[in-house]
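This is what each chain is made of:
There are 4 protein chains.
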Amino acid sequence: MPEPLLKVDLTKPAEEQDPPVHNRWHPEIPPVASVNPGDVFRVECKDWTDGFIQDNDDASDVRDMPLSRVHILSGPVAVNGAEPGDLLVVDLLDIGVLPDYQWGYTGIFARDNGGSFLADVFPEARKAIWSFDGIYASSRHIGGVRFPGIVHPGQMGTAPSADLLARWNRREQELISKDPGRVPPLANPPTEENAILGSLSGAERDRVAREAARTVPPRENCGNHDIKNLSRGARAWIPVYVPGANLSVGDIHFSQGDGEITFCGAIETAGWIDFHVDLIKDGMNRYGIANAVVQPSPIEPHFSPSRYLLFEGISVDDEGTQHYVDATVSYRDACLKAIRYLGMFGYDEEQAYAILSTAPIEGRVSAIVDIPSACCTVGLPVDIFDFDIRPSADGPARADRGRLATPR
Amino acid sequence: MPEPLLKVDLTKPAEEQDPPVHNRWHPEIPPVASVNPGDVFRVECKDWTDGFIQDNDDASDVRDMPLSRVHILSGPVAVNGAEPGDLLVVDLLDIGVLPDYQWGYTGIFARDNGGSFLADVFPEARKAIWSFDGIYASSRHIGGVRFPGIVHPGQMGTAPSADLLARWNRREQELISKDPGRVPPLANPPTEENAILGSLSGAERDRVAREAARTVPPRENCGNHDIKNLSRGARAWIPVYVPGANLSVGDIHFSQGDGEITFCGAIETAGWIDFHVDLIKDGMNRYGIANAVVQPSPIEPHFSPSRYLLFEGISVDDEGTQHYVDATVSYRDACLKAIRYLGMFGYDEEQAYAILSTAPIEGRVSAIVDIPSACCTVGLPVDIFDFDIRPSADGPARADRGRLATPR
Amino acid sequence: MPEPLLKVDLTKPAEEQDPPVHNRWHPEIPPVASVNPGDVFRVECKDWTDGFIQDNDDASDVRDMPLSRVHILSGPVAVNGAEPGDLLVVDLLDIGVLPDYQWGYTGIFARDNGGSFLADVFPEARKAIWSFDGIYASSRHIGGVRFPGIVHPGQMGTAPSADLLARWNRREQELISKDPGRVPPLANPPTEENAILGSLSGAERDRVAREAARTVPPRENCGNHDIKNLSRGARAWIPVYVPGANLSVGDIHFSQGDGEITFCGAIETAGWIDFHVDLIKDGMNRYGIANAVVQPSPIEPHFSPSRYLLFEGISVDDEGTQHYVDATVSYRDACLKAIRYLGMFGYDEEQAYAILSTAPIEGRVSAIVDIPSACCTVGLPVDIFDFDIRPSADGPARADRGRLATPR
Amino acid sequence: MPEPLLKVDLTKPAEEQDPPVHNRWHPEIPPVASVNPGDVFRVECKDWTDGFIQDNDDASDVRDMPLSRVHILSGPVAVNGAEPGDLLVVDLLDIGVLPDYQWGYTGIFARDNGGSFLADVFPEARKAIWSFDGIYASSRHIGGVRFPGIVHPGQMGTAPSADLLARWNRREQELISKDPGRVPPLANPPTEENAILGSLSGAERDRVAREAARTVPPRENCGNHDIKNLSRGARAWIPVYVPGANLSVGDIHFSQGDGEITFCGAIETAGWIDFHVDLIKDGMNRYGIANAVVQPSPIEPHFSPSRYLLFEGISVDDEGTQHYVDATVSYRDACLKAIRYLGMFGYDEEQAYAILSTAPIEGRVSAIVDIPSACCTVGLPVDIFDFDIRPSADGPARADRGRLATPR
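Protein chains in written order, with my numbering: chain A, 16 to 423; chain S, 16 to 423; chain E, 16 to 423; chain F, 16 to 423.
Don't take every hint at face value.
No distinction is drawn between identical chains; accordingly, a pair holds when it is met within one copy or between any pair of copies.
[To be verified] Cut-off 25 Å, straight-line C-alpha distance, at most; resulting in silico cross-link-like pairs (DMTMM-like, lysine to aspartate or glutamate):
(1) Lys296 to Asp409
(2) Lys193 to Asp178
(3) Lys296 to Asp403
(4) Lys27 to Asp70
(5) Lys27 to Asp72
(6) Lys296 to Asp401
(7) Lys27 to Glu98
(8) Lys193 to Asp332
(9) Lys193 to Glu334
(10) Lys27 to Glu364
(11) Lys22 to Asp115
(12) Lys22 to Asp293
(13) Lys193 to Glu207
(14) Lys296 to Asp148
(15) Lys296 to Asp115
These aren't lab readings, by the way, just hints derived from the structure by calculation.
Only a predicted model underlies this, so the values are computations on that prediction, with no experimental measurement involved.
Okay, chain A solo, but in the shape it has when bound:
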């Protein structure tokens, strides 16, 4: 158990943390610490909303969350000797929740504040609070389900170079320009509002804030990958774009389903990570790597393949319109089918939506060449439910209502 290299104080907002934190990506955000290749060190992280979401039964915090504040990231940590073109080898030796933050939350973000994957079906803000029993999570808002967490940081990355940052801003602005007034927006441009940039201050801070990339998308620095399998015991190789690499991390998830479909879709929490870092010199060029490569952990929760139910989705939307090999539409179709199915067991649709977003479900691109439909599947592990969800000769419709908890 290494000493914390970077600590957080859960009683204070992001602006008052020591060392300072940040919520943008920019090459000029100063490192708060440096380490050598081979070092082991602990980094603590606040939850992604800086404590805005509370452990209560009211989703107004999700509804009103100022999204320009996210994600609160710890770092950057400079790795001595790292140069652009290297690969940073990042071992996540262990991950846990902070002693003073022993709970988590899932938010369905409202259509007009962030939105979610199925925002048109679920336009209103909702929330579920989760309790942790050691390796297991359960929720007072969603009955009948309990699962081991795949704890991971939803966001982790190296600092972009100035060139790479410029490329990000250009391509995202081009997208925004296609429909600038859209709700939710097509992308989020840099904004000074709520920008936190480590130790920068004054005019320099203001300039960087106007340039710095927002943290929501995954990009070539790994970024907000939300790959649930980058968990405790995993390794990532991440491209280095600036001297020192400048590794930052945050957005700790106790668990997440593939897709993280409710947006604040994982079980969000505050936690710590024990890192080991190393370098592969000139690795980007030697391996042709231009984004993160991940080796998952041998201790991922595992279920027999025969203990999943897979729901088949196609590229046809709710109105019956056929889309051309569109995996997004297909994944949406699979998710809606799984939600409808869970509803037959007595879940509210919002509960089912939250289960898909948080439990260790498997989202797959099964076929992407069968014109005009992609076939995506959503796999539900049956062992996480305390009743049998498989179809049977005498099963639901809408059975077992009484055994499930009060809906949110």
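For chain A, the structure is supplied; the task is to place chains S, E and F on it using the hints.
Same frame as chain A, but now just chains S, E and F:
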């Protein structure tokens, strides 16, 4: 080992099979056999191209394949007592290749004849031939890789009702109408050319041929799902749309990677399936099911999660254009990154493309809410290679060339 | 699917097979075929009893089985170039049951004819017949249980050298001499009775019969290993003791639990194996190997570790006597505890005994240093039962009787 | 993260702990705390030797360890409402090492002080010290190997009733009486020496010390089970013999191989466990349970079955003597074969012995009916080594010496 209910003769074309086969979906294609719930029976299947692709080192057959002939399906088998609204419970008790067809092929279809997922990058037809050593596959065209197959039918489904068929035709024609001359086409409309419709003949055959749906896409009858995990030992629940359900099957794959990205992307072969069928009366309504639900097999080849390499893709295309939460673009990006990476070990890009399409790779929708990018990942099992593909301090660029087989 | 190198005729007894078979181990049993390193070939095998056990509901065949006839082995196959001191690399590419033998049996052997692990508790002969539904086995004699098979040859080995054979005979005779009249016997000495020795005949056959080792025990040539994990897709490295190695195989099991505790404890059947062989020259010396080393298959049926129930056994026998770190007594204790537990769900003890012997149960030596007890565990996969066998607040005693099949 | 119900102070010996600890099993050791069914609570534990073994490079502490001091156990915890005949449902929600004890040790105990499974081959005391990198363990004394831990308490149990205790003492004394002077002893009788009995004092303490069972063997109260799979996330059902159940726990292992063959064979450490307890009333009778039943955890480290090497052992000892179906002799044979094999890669035999004892190896009773030999196997996961340990055409003998660390 049940007696074959439906046999095929590999020496004869589809038109001369007894019982007759079909290559379209239509409610009026007559069943060729009937079974009772609880029955066990074997169905033999030709390869999807009706033997057009040959075991040789020349891809001109892939280039010239008349796609209006596919997929050759065995059936329909009527299940006594099945009524619209039921769920057909289909157990795939075992699957194997036919004794006289002990090999398989993978085709990269040309851009102007079918195309593939990366048709713009790989516009020309290519082919790889695979040998089977019991449960393992290897190819004389792609060195250094060998893996256990996840044998499955790429296509399996129930007959659509007239209403459902009409809906399919309408929505797909609407899509085609957006760009009728596109190459490859946005979708394939019904065509009399090469239509094979079981025992139908004369004017009835011609009318049905003009109405019947082509077989390439997955649809609400399961169809061309290409879900690799619907393998030997698996179960599927499939909606019933016509009396008797009318189950058909074909397109046997010895192995396939998620996405089946080269289009004829699996290891295609001719094989047999031992089925057990049963019914859940009124199951569609009781479980809210409107497409197949699949329970995979306990004997899927399995690898430790820590023995995969995951490549992260984002919704940015080759020209650097940002797309809005587009999982198709993101999966494409992940695939291209994995192909480039394998190239560093000495593979031609076409070889790497074929590996991704055939080996038991995992394609995942990791995050689909991180505006403006979806994050999809492609997971390569490292144990299928006879050299270590993980990044190391002193590894490739473009090493090991000599140890790999001659490229196609 | 390679052509059979060695075929069997199920309608004829062992003595009339062509090529001849054998049921003893001896260096002078002549090879019936030869292959080269790198060859792939199929070997067919009769069931171990030469068809003595029948598919009926009467265990008198188990009771009366002449054990000097077992095991019927196919081979030997000579591998060109193999020399004493080499390692024979044996790939079991695929394994299946013979088309004309689509069933299996399990026998509890009587105390006075072979016996079993718990012969004192179960002194009488019993039998269970199994049906195969593709990869799954179930029995009309044991309800509520169905599982995927781990098909494997219970016996496989190379021929012993004359020296090695002499050592076997000496050490086993020394054991027998300690209690020559014991029932069941401590070991089985060579006997001419029922000895089948391939193409040997006349005086040579009689001499060899008097010398040749019986086939029941595992020995340094791999032999009757009954390692269930040496299944389809697995590899074994086996020491070579005679020129040509002389590989023989038989005793096909559709499935077996660790321990094979009822003696004829697996699901015994007749089958075929597709082999690939190779050599590691001087491998015994270079790797210090003096018995088989096995690499299991990636397609073993697998269950989540959390879907097993482990029963803890200690080195205390039924009379309460403490034995000194005795793993045999401890494994027996664990088995008896599991049998008693299953009885609470309505199984007869003989049914439970047969389940432990045939299903994919895990038998482990958990601790063997905790003086004076070894701790062995028996692990039952809960997913093979169609009811929940885990302890619960309101579960058995002796519930569910009606739902299980009539006991044998 | 529950508050610790029971804490330990690593700076103080067992006699000075508050609450008091104990190192014997006896019904009259007073509970130090009580909980209700449904409660969650943390228990801290010293290492089993009370800190006797030190983090250094000298095994004299192992040699001189006074074994009458072990095992230091925390508890008993009384569960309100528990009555004899109930089953105590014990969930191990999470387990970790103590912040001030971030290392572990393995001891090969000397033949004349405790001994080990292979004491005659390894008569002298040896030691290996292990470092923890998050979920992984490695040792400065054993190179080339690193593995994820399966953290578990080696010892956990309920208090015996007076009757059960008397039965233990009687049967163990009978065994001792067969060879009272044996080294190592056949069993360890009660002794006042070093007995620590919680808050008992004076004459009562002395009486109980003379009666109380030593802690080395597993017994009907679960006890020193050393089942590595009773890990974080697992559940055990343990018989209740006294009112309140009186649960005690200790002997934390960071990792262990099946068999724990060097005696102090796991990676021993000091740690904490988060428990949840519940009751099944009258469960012993209703389920026929007379010792612990264990459901392992879904997050056990897992490896593909095809990434193990299994070594086959038979019931023949080092002198070539055949034993009758003796699983202990067979497991010994398998272990010796694995040790010899690892030696060919440059390990000292003591290093190999320690690897088998600590790494997640699988020890199986493969066959226990093949008279006169049992067949046991030892399975080595190949992925824990940083070189390929599988036999190959050009591999060792005794290669790679230089790459391994200096032997102990």
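Evaluated hints:
no. : hint             : in the structure
1   : Lys296 to Asp409 : between (61 Å within a copy, 9 Å between copies)
2   : Lys193 to Asp178 : within (23 Å within a copy, 38 Å between copies)
3   : Lys296 to Asp403 : between (51 Å within a copy, 19 Å between copies)
4   : Lys27 to Asp70   : within (17 Å within a copy, 40 Å between copies)
5   : Lys27 to Asp72   : within (23 Å within a copy, 46 Å between copies)
6   : Lys296 to Asp401 : between (50 Å within a copy, 21 Å between copies)
7   : Lys27 to Glu98   : neither (34 Å within a copy, 49 Å between copies)
8   : Lys193 to Asp332 : both (22 Å within a copy, 17 Å between copies)
9   : Lys193 to Glu334 : both (24 Å within a copy, 17 Å between copies)
10  : Lys27 to Glu364  : neither (36 Å within a copy, 52 Å between copies)
11  : Lys22 to Asp115  : both (13 Å within a copy, 19 Å between copies)
12  : Lys22 to Asp293  : within (22 Å within a copy, 37 Å between copies)
13  : Lys193 to Glu207 : within (23 Å within a copy, 42 Å between copies)
14  : Lys296 to Asp148 : between (42 Å within a copy, 24 Å between copies)
15  : Lys296 to Asp115 : neither (39 Å within a copy, 36 Å between copies)
The structure is inconsistent with the numbered hints 7, 10, 15, although it conforms to all the rest.
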